[in-house]
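Chain order of the listed sequences is A and B. With my numbering applied, the first sequence corresponds to residues 18 to 128, in that order. With my numbering applied, the second sequence corresponds to residues 1078 to 1191, in that order.
There could be a bad hint or two in this list.
Unchecked claim - The calculated DSBU-like cross-link candidates involving lysine-lysine, where the alpha carbons are at most 30 Å apart (straight line), are:
#1 B/Lys1134 / B/Lys1090
#2 A/Lys59 / A/Lys73
#3 B/Lys1134 / A/Lys85
#4 A/Lys73 / B/Lys1078
#5 A/Lys88 / A/Lys73
#6 A/Lys59 / B/Lys1134
#7 A/Lys59 / B/Lys1090
#8 A/Lys73 / A/Lys85
#9 B/Lys1090 / A/Lys73
#10 A/Lys88 / B/Lys1134
#11 B/Lys1134 / B/Lys1078
What the hints assert, rightly or not - One-sided excerpt, in silico: chain B residues whose CB lies under 8 Å from chain A:
#12 Ser1108
#13 Glu1129
#14 Phe1182
Simulated from the structure, these hints should not be mistaken for lab results. Just so it is clear, CB atoms sit at the ideal spot from N, CA and C, and this is done for glycine as well.
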Amino acid sequence: GESVGLHLPTLSVQEGDNSIINCAYSNSASDYFIWYKQESGKGPQFIIDIRSNMDKRQGQRVTVLLNKTVKHLSLQIAATQPGDSAVYFCAVYQGAQKLVFGQGTRLTINP
Amino acid sequence: KAGVTQTPRYLIKTRGQQVTLSCSPISGHRSVSWYQQTPGQGLQFLFEYFSETQRNKGNFPGRFSGRQFSNSRSEMNVSTLELGDSALYLCASSPGVASNQPQHFGDGTRLSIL
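When you get a sec, could you build the whole thing from the sequences and use the hints?
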């Protein structure tokens, strides 16, 4: 089955710096990837997604990069703000509507 | 458009009891999935419903069950509660069954077993 791993359980950055959160997946047939943000006391919130026919996709202050050769994706957050403090998950589908999640990276913003 | 609504937000039960959790999906969404989130295991898939039919099930014992109603609202039930069932239970909805669209999550029901 599919497995998803995040490279760092925690990441601490200075306010205003860029953040990069990494994720690796195991199934080369995976064709759709999602990033979620989970704040304390809340459910995962959709941030951005990318399909396998793309290498890069940009949103508001966020960019997702997909490297299918090494089965790796990353989430870049530009000009990190205090409100970006949260746990970030990457997720891929394994079968009908079954999302498999990585363990998450806790992003902490230092003032 | 209102998001996914889960009730109740918090529940405290004792071992051996049973519990029913409720989920109202985003209007127009017909697929509802349930997940369990714990510090040790992370987010794990429980099951998914579409058109009142369970289409996929995760690796959980039969004590965990669910159903979906004709209006797409869903409930999950856990019988004979165990201490290890303490977790955040999350419901997510999506428009249909395509695996190329995101699921949208509610804020969950925090279940504590004493």
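Each hint, compared with the structure:
A hinted pair counts as satisfied when its Cα atoms are at most 30 Å apart, and B/Lys1134 with B/Lys1090 qualifies at roughly 25 Å. A C-alpha spacing of about 28 Å is found between A/Lys59 and A/Lys73, which places the hinted pair at or below 30 Å, so the restraint holds. Between the alpha carbons of B/Lys1134 and A/Lys85 the distance comes to roughly 28 Å, so the proposed pair stays at or under 30 Å and holds. Using a Cα cut-off of 30 Å, the hinted pair A/Lys73 and B/Lys1078 holds, with the two alpha carbons roughly 29 Å apart.
Using a Cα cut-off of 30 Å, the hinted pair A/Lys88 and A/Lys73 holds, with the two alpha carbons roughly 14 Å apart. This hinted pair checks out: A/Lys59 and B/Lys1134 have alpha carbons roughly 24 Å apart, not beyond 30 Å. Restraint check for A/Lys59 and B/Lys1090: the C-alpha separation of about 21 Å stays at or below 30 Å, so the hint holds. Annotation: proposed proximity of A/Lys73 to A/Lys85 holds, straight-line Cα distance about 11 Å (limit 30 Å).
Note on B/Lys1090 and A/Lys73: the hinted pairing is violated, with a Cα-Cα distance of about 46 Å set against a maximum of 30 Å. Between A/Lys88 and B/Lys1134 the CA atoms are separated by roughly 26 Å; this keeps the pair inside 30 Å, and the hint holds. At roughly 29 Å between alpha-carbon atoms, B/Lys1134 and B/Lys1078 fall within 30 Å of each other, so this suggested pair holds. Because the closest C-beta pair between B/Ser1108 and chain A is about 6 Å apart, less than 8 Å, the hint holds.
Nearest Cβ of chain A to the Cβ of B/Glu1129: about 15 Å, over the 8 Å cut. The hint is violated. Because the smallest distance between the Cβ of B/Phe1182 and any Cβ of chain A comes to about 4 Å, under 8 Å, the interface hint for this residue holds.
The structure fails to meet hints 9 and 13 from the earlier list, while all remaining hints are met.
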